[in-house]
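A.B. asks: The listed protein sequences derive, respectively, from chains R and V.
For the first sequence, position 13 matches number 14 in the numbering used here, and the numbering has no gaps at all.
For the second sequence, position 654 matches number 643 in the numbering used here, and the numbering has no gaps at all.
Treat the hints as calculated values from the structure; they're not laboratory data.
Cβ atoms here follow ideal geometry from the backbone N, Cα and C, with glycine treated the same way.
You may find that some hints are simply not true.
[Unchecked claim] Calculated from the model, a selection of chain V residues having no Cβ within reach of chain R, i.e. all distances over 10 Å:
#1 GLY1
#2 ASP94
#3 ARG132
#4 ALA156
#5 ARG184
#6 GLU262
#7 GLU298
#8 TYR299
[What the hints assert, rightly or not] Only some residues are given here: those of chain R computed to face chain V with a beta carbon under 8 Å:
#9 ASP8
#10 ALA18
#11 THR29
#12 ARG32
#13 THR33
#14 GLU164
#15 TYR223
#16 ASP439
#17 GLY462
#18 THR463
#19 SER466
#20 LEU467
[Unchecked claim] Covered stretches of chain R, going by a simulated chain V footprint (3 or more residues, C-beta under 8 Å):
#21 37 to 45
#22 111 to 124
#23 179 to 190
#24 262 to 271
#25 296 to 304
#26 354 to 365
#27 430 to 436
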Amino acid sequence: MTGADVDPVTLEVIRNACVAVAEEMNATLVRTSYSPNIKDRRDCSCALFDANEELVSQAENIPVHLGAMPYSVAAALDRFPPSTLAPGDAVLLNDPFHGGAHLPDLTLVTPIYVDGELAAFAANRAHHADVGGGRAGSVDADSTEIYQEGVRIPPVKLYEGGEVNEGVRDLLLTNVRTPDERRGDLRAQRAANRTAVERFRELADRHGLDILRAAMDRIKEYAESRMRAEIESLPDGTYRFEDFLDDDGRGTEDVRVAVAVTVDGDELAADFDGTAAQVEGPINAPLAVTASATYYVARCVTDRDVPPNHGAYRPITIRAPERSVVNARPPAAVVGGNLEVSQRVTDALFGAFGRCVPDRVAAAGQGTMNSVTFGGQAATGGDAFAFYETVGGGFGGRVDADGMDGVHVHMSNTLNTPAEVLETTYPLRVRRYEYRQDSGGAGERRGGLGLRRDVEALADGTTFSLLADRRRHPPYGVAGATPANPARTTS
Amino acid sequence: MAPDTRIGVDVGGTFTDVVAVSEGSIRTHKTPSTPDAPERGVLDGLDESQAAGLDPETASFFAHGTTVATNAVLERSWAETALVTTEGFRDALEIGRQTRPDLYDLHAETPAPVVERDRRYEVPERLDGRGNVIEPLDEEAVRRIAAELGDVESVAVSFLFSFENAAHERRVRELLESELDCSVSLSSDVLPEMREYERTLATTINAALKPVMDRYVGRLADGIESAGVPADLRIMQSNGGLVTATEARERPVNTLLSGPAAGVQGAAYVAGETEMDDIVTMDMGGTSCDVSLVRDDDPVISTEQTVGEYPVSVPMVDVHTIGAGGGSIAWVDAGDVLRVGPQSAGADPGPICYGRGGTEPTVTDAHVLLGRIDADRFFEGSADVDAVRAGVERVADDLGMGVEEAAQGILDVANASMERALRVVSVERGHDPREFGLVAYGGAGPLHAPRLAAELDVPRVLIPRSAGVLSALGLLISDVGYEYSTTRVRSWDELDAETLESTFAEFETEGRERLDAEGFPEERMRFERVLDVRYDGQSFDLRVPAPGEVDADALAVVADRFHERHERRYGHASPDEPLELVTVRLRARGVVDPPSLEREAGARGDATPRETRPVTFDGVDRETPVYRRDTLDPGTEFDGPVVVESAESTTVVHPGQRVRVDDLENMVIET
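With the hints as constraints, model all of the structure from the sequences given.
C.D. replies: Given below as structure tokens:
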């Protein structure tokens, strides 16, 4: 590959440094961002890619971003090949069909030059609090087309030679509800990538660009060899499982997610053939989301010490039928892909792995993120308000322990909103927040308890929207345990 | 007149340190800690110091750093506790923030609740967000609970919005105390701030610790009194302020980081005396490395610290722990890469060079192998240098490299992970490490700091003369401090300066009474007023100092300061956006004059190396002079490479670096 030789010490030193680059980007992004989504709930991720557009290191706060960023970098460079890029450029995108996941996630990709030579890329993704569309917060459970979900950004140069492209920026800001906040969050995303540019250049200074490049190659090879060894240790075979989303909110029920996981020597394949065709409601996932779920499950059933980078993903193949709920095409509505489909894909994969390595999986957990939005006029008759939160539930039972009670499972891990914060900010009152007793299913090891949250609306005309699942199809048990209780929403 | 002596005693995991300052001269003593009854170590230390000439009867000041509360939390060896809370919320303590502790570990567990469900009781009552009663307290329900509590030693009471109106909580305390013999902790006393989970958690931890702390402090106070110490016992809190024994017994949750806070105070003091106002402290021992920031002489305080598994939101020095220490084990992983830690050989058996049966090569062993630590001298003949070589050789063979090269590699990898953590800690807090000095202490700190500073572009490293007893020294220079706070979420426009002023005045009266009771005259009292402010709709607030009396002008000043600080901390500000008040705070300080330490004239000393020996730096053996720390006079200067040995640690100054001994006998290394 390259002539430079990297000893095992320098390799570990540079690997630490590359992770530090991603972590420092993340610290900068969280620190300088405006929206609570990024600052508080940490719905963002940062990554370093090499000049071959391959992921070297990543700092992700929620697993749904785990394997999705490579799609963003690929889409950005597909539109703007390296020959068309220059120092100071940065490419922005959110189009789920061109490197994005769902519209609120904006990704910024910045090329890194060392002495005029393209050496690496920095990329970060942040969930913006609003990107327009039919409903404040841009998580609209009623959408049927991508066009209703907000402003769609194909890969565009937001920055050129260090200067912001004002036309692009103004077009974007005109189409969102809180433009100042968006401007601030975009600035934070840019600051994060600039941190990476600076730190990467320092690394090149310290070690020499040749060594740095060779080390990045070795970091990927290292992850690949370790992941291959992990897969090798799994019993060969094809393991099938299917699970269902209740419905798409538009009359299509029992939306099937089917997967066949094949372990063949040191390679792993997940084939989603047999999964339902994409639906009218917004529970369609772009391939990037399905890939994230697959990498997440692969990581959970192998040694977590294997660094998540391009090398670790090399032995994993994903096949998903086009125009299905796990590989949606335009003009599908996709906002629930990240939130709900990703969870069911995870459940189906764990179900399949349960037939391969039963002691390494858990039973199905709550399998939804319960995205709740309250909206209306404030009690004082002042500004309109929109409040978004997610409600956790039970984690699946484990071989050696009951499931965790009342947490977010798998693809999410965002915080709740304290009742005291909620009540001092919105005309809402929390009446009850507790475990649902006996909701975890029966078994020697039960599943975690679900949560019950009673919220009273104090203002007339308050609207309530819920994007959730697992109301009819309960989470499955494993190893003879009974399924858990399905979720319930009452009003 | 009899000399006036000040005594500080800090109890650490291994040693109990005594520092006494009398007439400018400083006396230190170390004695083994006695974890089963820590007060014994304290009294041993006093006894032994007395034998060496300390007169306890001249003590005008006695301050103590303790790990009793911390250990009780880590081991969950605390009192049987119950919780009384608002109907509908008895699980809030266990649900926490509904997150799981590890993203990819399917076997992770959420923290066990401080109080189990069958000891969590609900009472019908409810306040709204301004403290208005929506549903009155059901006193009958409280009496029924009292009847069920039985042998519970301690009770925590936490109702929604009690920071706005504490009446219901106080009434519950009256009712319980009239029926039961148990201690009661109210959330409106312990942490009267918004966010029910964090407030309830702090209150239950306080309740669970109270009987433990009460017994400990009682025994200790009796002990030092019998030893003849006339001074009142003072205890270090996690925020770097000293309090009376009574206060520590009442609010033990505030002492969880007592020792580390004293250490950071000590480091800040020494650095300040050397005109370094902005520093990163680095306390590296056998299993971990604690880092924290000191800005403008004051340790940075945070309310987001985690103790054990619990996020405890009371103010504490912002200490970040990195899992890298002298005992961190080097190993070659499944991908043939050299790794260091997180496994540690700890103190027992410890590194191979301790000669206590350790077989895994550690960071300390790498130092021995490269000639930086003189194992024979340090471990008094028990060290087995051949075993060290054999241990590192196993790693070297797996890596296909020479043994010295592997040893250097172990240090490089350990430094790389520390560098990563230090960078992220600084950037998260909005600082550039290059603008800070590094103050290193702990057994392994001075071994690593000079090299680490060079990697981080940090220009100066300070190795304090009292590096081995910095926490005990910190106890002597800290002020007495009480904090008062209450959450008042109000939009800035509807703020009434008069109401705000009366809240501050109430706090100030309480603080003044306490300080007065402790014998502080008015001119030694300081009252610092702080408002936590945020942009409307944001959830991140910033602490802004308020100028004296609160009126409209003062509020305008606070607003300006807020925008300014927001810019500094987060990189942007929006002066046109509406603001919101979140919390009102007052810190009452009883100023303690730091004892003056003798400075020695800066004559260039004439140090003679104890020996020269070959030390390996980046693969090259260099004949390196080795000095004994206690032979270095103020004013001594030399160029690296140099090794300086003292009783508790070894400092390695690298080629190209320069070291100077200042007039307080600290070593200052220019990287």
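A.B. asks: Check the non-interface label on ARG132 of chain V: least C-beta distance to chain R beyond 10 Å or not.
C.D. replies: The claim stands: ARG132 of chain V keeps its Cβ more than 10 Å from every Cβ of chain R (closest is about 24 Å).
A.B. asks: How about the stretch 430 to 436 of chain R: do at least three of its residues have a C-beta closer than 8 Å to a C-beta of chain V?
C.D. replies: holds (count 7)
A.B. asks: Is TYR299 of chain V truly not at the interface, in the sense that its beta carbon sits beyond 10 Å from all beta carbons of chain R?
C.D. replies: holds (16 Å)
A.B. asks: Was ARG184 of chain V rightly flagged as not at the interface, with every chain R Cβ beyond 10 Å?
C.D. replies: violated (5 Å)
A.B. asks: Count the residues of the stretch 111 to 124 of chain R whose CB lies closer than 8 Å to any CB of chain V, then report whether that count reaches three.
C.D. replies: Violated - the stretch 111 to 124 of chain R has 0 residues with a Cβ nearer than 8 Å to chain V, which falls short of three.
A.B. asks: How does the stretch 262 to 271 of chain R fare against chain V when you require at least three residues with a CB closer than 8 Å, holds or violated?
C.D. replies: Our answer is that it is violated, as 0 residues pass the Cβ test (under 8 Å) against chain V, missing three.
A.B. asks: Using 8 Å as the Cβ threshold, decide whether ASP8 of chain R counts as touching chain V.
C.D. replies: holds (7 Å)
A.B. asks: So, as I understand it, the hint says GLU164 of chain R touches chain V; can you test that by seeing if any CB pair is closer than 8 Å?
C.D. replies: violated (19 Å)
A.B. asks: Just double-check GLU262 of chain V for me: nearest Cβ-Cβ distance to chain R has to come out over 10 Å.
C.D. replies: holds (32 Å)
A.B. asks: With 8 Å as the cut and Cβ atoms as the points, is THR33 of chain R at the interface with chain V?
C.D. replies: Status holds, d = 4 Å.
A.B. asks: With a cut-off of 8 Å on the beta carbons, see whether THR463 of chain R makes it to chain V.
C.D. replies: violated (17 Å)
A.B. asks: Compute the least Cβ-Cβ separation between ASP94 of chain V and chain R, then decide whether it is above 10 Å.
C.D. replies: Contrary to the label, ASP94 of chain V does not stay out of reach of chain R, its closest Cβ about 7 Å off (not over 10 Å).
When the structure is compared with the earlier hints, violations turn up for hints 2, 5, 14, 16, 17, 18, 19, 20, 22 and 24 and for no others.
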